[in-house]
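> Protein chains in written order, with this note's numbering: chain L, 1 to 218; chain F, 1001 to 1288.
Rather than coming from a laboratory, the hints here were simulated on the basis of the structure.
A few of these clues could be false.
As the list claims (entries may be wrong) - Derived DEER-like restraints, expressed as beta-carbon distance ranges:
{"id": "1", "chain 1": "L", "residue 1": "E199", "chain 2": "F", "residue 2": "W1016", "range": "20 to 30 Å"}
{"id": "2", "chain 1": "F", "residue 1": "L1222", "chain 2": "L", "residue 2": "A79", "range": "37 to 47 Å"}
{"id": "3", "chain 1": "F", "residue 1": "L1188", "chain 2": "L", "residue 2": "P181", "range": "56 to 66 Å"}
{"id": "4", "chain 1": "L", "residue 1": "D142", "chain 2": "F", "residue 2": "G1112", "range": "20 to 30 Å"}
{"id": "5", "chain 1": "L", "residue 1": "D128", "chain 2": "F", "residue 2": "W1023", "range": "47 to 57 Å"}
{"id": "6", "chain 1": "F", "residue 1": "V1226", "chain 2": "L", "residue 2": "P47", "range": "43 to 53 Å"}
{"id": "7", "chain 1": "F", "residue 1": "E1014", "chain 2": "L", "residue 2": "P47", "range": "52 to 62 Å"}
{"id": "8", "chain 1": "F", "residue 1": "L1088", "chain 2": "L", "residue 2": "A111", "range": "32 to 42 Å"}
Only a predicted model underlies this, so the values are computations on that prediction, with no experimental measurement involved.
Every residue, glycine too, gets a C-beta built ideally from N, C-alpha and C.
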Amino acid sequence: MTRWAMVADLRRCVGCQTCTAACRHANATPPGVQWRRVLDMEFGEYPDVRRAFVPVGCQHCDEPPCLDVCPTTATRKRADGIVTIDYDLCIGCAYCAVACPYQARHKTLRAGFAYDRPMENETKRRDDARLAVATKCTFCVDRIDEGLAKGLRPGVDPEATPACVNACITQTLQFGDLDDPQSNVSTLLAEHRHFRMHEELRTGPGFYYLWDAREAAS
Amino acid sequence: MTYPSGGYANYGPEPWQQTSWDWRAAGNFVCGGAGAGLIVFAALADGGRAATVALTLAGLALVGLGLVCVALELGRPLRALNVFRNPLTSWMGREAWAAILLFPAGLAAAWGVPGAAAAAAVLALAFVFCQARLLQAAKGIPAWREALLVPLVVTTGLAEGGALFFAGDPWHRAGTPWLLAGFGALVLVRVLVWLAYRRNLAGTIAQGATDALDRAGSVLQLVGTVVPLALIAAVATGFVSGALTPWLAAAAGLTAAVAGAYTKFTIVTRAGFNQGFALAHLPIRGAR
């Protein structure tokens, strides 16, 4: 089996938002809609202040709250763990948006562009089926599927890897198969201490955050 | 790196009010719940055929108005029939199926078909239960996912239905002492569930949600509970009798209905804060 997952090394992220821009470019999401966001978070009080940049988006959960609530079956989970939306079935009720603890879902009523006229990528990737329905990060599922069809390895071969991972300048973001113990993500998780967002909700996110080296654990 | 003994309290951007569901969604919960409750009370009443017809049709109209509200919220309303595709796991789908069965049962009850009123009452209960589970299944909103929201929404719907029933008592005269007692009991149970719900939420929701719920709670406890229960007590104990009785019951109904509607509206539109983002650990960078 395959379980696609993403890993973000919080020690590496510098908050450059290149992943956000890459996602925006690859998927031509309208202004205000960021399937891949990077939060700029501050903790503590002066002088003991910490800062962290945290990539977020759809966590492609094992038990996605958005899946069960969807009244139309537009939201589905593939065998490889990727949560998808069938834009032709979705009625835009936004139930999934309030069910998602990660604020990953968006609904846009009208087409919007970064500037007055659509840019080349916006023209090429324009899809009116995405209007007035739920949208979210797809893990660039089309790239993964096309890459696999060509015999490429997602997470290793850029052509088969999500755009945000390809664009990351610090290799914060990694993508791969959790079920493959030799994959990059499995290796990273084995070698590092990690957590998942809102673990207490038992959604089983497919998005892991590294925060320390494993050998540092005492 | 050392961490403060109490840990870091603010691990992420502050929670913010969800904007996906607004007054239109709230309208479904307010009108649908009250309409379902009214259908239940209409089935329990024995006020003659005209009253049963009027009350049942009014209940159906309210449920229908709620569904119209939610239809206005849909991004793709022309595909609304897709809502019936997933009753296996979606409480919204189940709500839709309960509604689609409730309407013919309610119309049959209004038509006078034997047994239809009871069937409509059962389906109305199913409908309001689906609404409650629907809201509670929204895992992204802490004030909604609390388990006690289910009995709260159910009792609120039934209490508001009873409230509307007695608000119209001066005209339909279908109210009985037993129904008035039942309505009073629902008002009491509603506020008790509310207090338990609020106690369970303490410390788990955003300050904005707490403030909104506290405001609604004040209205619910005073306008929605103390006032109607006092009026009901005045009627039940014979303190007031004669022609004034149905008007006091109506006043009790109006206050309970308005406060209940305000409370549910607040829960959906003003207490719907998400939980923001949280890091279980901060990144440890550099050499140590």
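> Each hint should be assessed against the structure and marked as holding or not.
Against the structure, the hints come out as follows:
1. L/E199 x F/W1016: 20 to 30 Å: With Cβ atoms ~22 Å apart, the hint holds.
2. F/L1222 x L/A79: 37 to 47 Å: Violated: the Cβ-Cβ distance is about 55 Å, outside 37 to 47 Å.
3. F/L1188 x L/P181: 56 to 66 Å: holds, 59 Å
4. L/D142 x F/G1112: 20 to 30 Å: 59 Å Cβ-Cβ, so the 20 to 30 Å window is violated.
5. L/D128 x F/W1023: 47 to 57 Å: Once the Cβ atoms are compared, 28 Å apart, the range 47 to 57 Å for F/W1023 and L/D128 is violated.
6. F/V1226 x L/P47: 43 to 53 Å: With a Cβ separation near 51 Å, F/V1226 and L/P47 satisfy 43 to 53 Å, so the hint holds.
7. F/E1014 x L/P47: 52 to 62 Å: violated, 23 Å
8. F/L1088 x L/A111: 32 to 42 Å: Holds, at about 34 Å.
Consistency note: the structure conflicts with the earlier hints numbered 2, 4, 5, 7.
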